[in-house]
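Chemist: Sequence:
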Amino acid sequence: MNAAISMRSRKGLTGTVAADAGELKLRAYVIAGPALNASDLSFSVEKPGSFLVDFDVPQKNVRFQFMNTARILEKQLYMTYTHMTGENRTILDGTLLLDPTNKISANYALDSRNLKLRCSYVHRGMATFEPCYDFGKNSWELAVSKTVFDGDVIRASYDMSRKVLDLGWLWKPSFNRDGKCKVSASFRLGEGLYMPTLTAESSWDFEM
Numbered sequence: 001m002n003a004a005i006s007m008r009s010r011k012g013l014t015g016t017v018a019a020d021a022g023e024l025k026l027r028a029y030v031i032a033g034p035a036l037n038a039s040d041l042s043f044s045v046e047k048p049g050s051f052l053v054d055f056d057v058p059q060k061n062v063r064f065q066f067m068n069t070a071r072i073l074e075k076q077l078y079m080t081y082t083h084m085t086g087e088n089r090t091i092l093d094g095t096l097l098l099d100p101t102n103k104i105s106a107n108y109a110l111d112s113r114n115l116k117l118r119c120s121y122v123h124r125g126m127a128t129f130e131p132c133y134d135f136g137k138n139s140w141e142l143a144v145s146k147t148v149f150d151g152d153v154i155r156a157s158y159d160m161s162r163k164v165l166d167l168g169w170l171w172k173p174s175f176n177r178d179g180k181c182k183v184s185a186s187f188r189l190g191e192g193l194y195m196p197t198l199t200a201e202s203s204w205d206f207e208m
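Just so we're aligned, residue 1 is where the sequence shown starts under full-length UniProt numbering, counting upward by one.
Hints in this document: simulated from the structure, not taken from any laboratory.
Backbone N, C-alpha and C define an ideal beta-carbon position, used for all residues, glycine too.
Hints may be right or wrong, so weigh each one.
Claimed, not checked - Computed beta-carbon distance windows for the label pairs: (1) M195 - T147: 25 to 33 Å; (2) K172 - I104: 26 to 34 Å; (3) V62 - L92: 14 to 22 Å; (4) S174 - T69: 22 to 30 Å; (5) L73 - A200: 28 to 36 Å; (6) G22 - N68: 32 to 40 Å; (7) L193 - T69: 25 to 33 Å; (8) S112 - V148: 34 to 42 Å; (9) L193 - M79: 20 to 28 Å; (10) G125 - L193: 35 to 43 Å; (11) G151 - A200: 32 to 40 Å.
What the hints assert, rightly or not - Below, in silico cross-link-like pairs of lysine-lysine (BS3-like), each with a Cα-Cα straight-line distance of 25 Å or less: (12) K75 - K25; (13) K75 - K103; (14) K116 - K163; (15) K103 - K60; (16) K116 - K103; (17) K75 - K60; (18) K182 - K163; (19) K25 - K47; (20) K182 - K137; (21) K25 - K137; (22) K180 - K146; (23) K116 - K75; (24) K146 - K172; (25) K146 - K103; (26) K163 - K146; (27) K137 - K180; (28) K182 - K172; (29) K137 - K172; (30) K180 - K163; (31) K75 - K47.
Construct the entire structure; sequences and hints are all you get.
Modeler: Encoded structure:
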């Protein structure tokens with residue numbers, strides 16, 4: 001049985017407990033803010049690479065997710081079908097691996113008929129470039145991440161329709177190599193100069 005605890009500014013303390021039951025993974029997730037209540041509780045059952053069922057207790061929302069793979073012209077294709085009963089939403093995802101450094105992804109929402117196309121290119125195993133076009137918003141999104149130092153990751157993304165720039169730094173602390181720390185900032189460039197939204201997050205993983 002594994003457990004993880006993460007602390008995030010504005011959201012409080014998050015706890016996750018996971019256990020293996022043969023090929024299945026069982027998980028419970030809870031957020032402890034100023035007051036713990038059922039609105040912060042969810043459970044999931046997963047068979048990796050096959051299916052996931054997640055139940056949000058307060059929202060009474062069940063999320064079904066089914067995964068599969070196929071070969072097309074000697075290329076690996078990953079497919080995911082997701083349906084959320086509470087929101088009555090269905091989403092189709094597909095990712096085609098062209099080669100070790102390039103892949104193309106598509107995301108289609110059946111309710112809104114919105115389509116997103118994303119390309120990903122990994123440069124020398126150190127930097128990743130991800131342009132994305134949102135047909136619903138008729139707008140581009142761009143994300144760039146780079147591995148620095150001893151596995152630390154710096155990431156920047158820009159959403160043109162919202163005019164939002166996000167910056168983040170993710171690293172593994174020396175005192176807990178199984179955990180991680182993250183600091184991020186969000187700038188709403190369309191609103192002029194102001195103090196950005198700052199978020200700090202840290203997590204610890206351990207076996208029980």
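Chemist: Hint by hint, which ones does this structure get wrong, listed from lowest number up?
Modeler: Hint check: 4, 5, 6, 7, 9, 11, 12, 15, 17, 20, 21, 27, 29, 30 fail, others pass.
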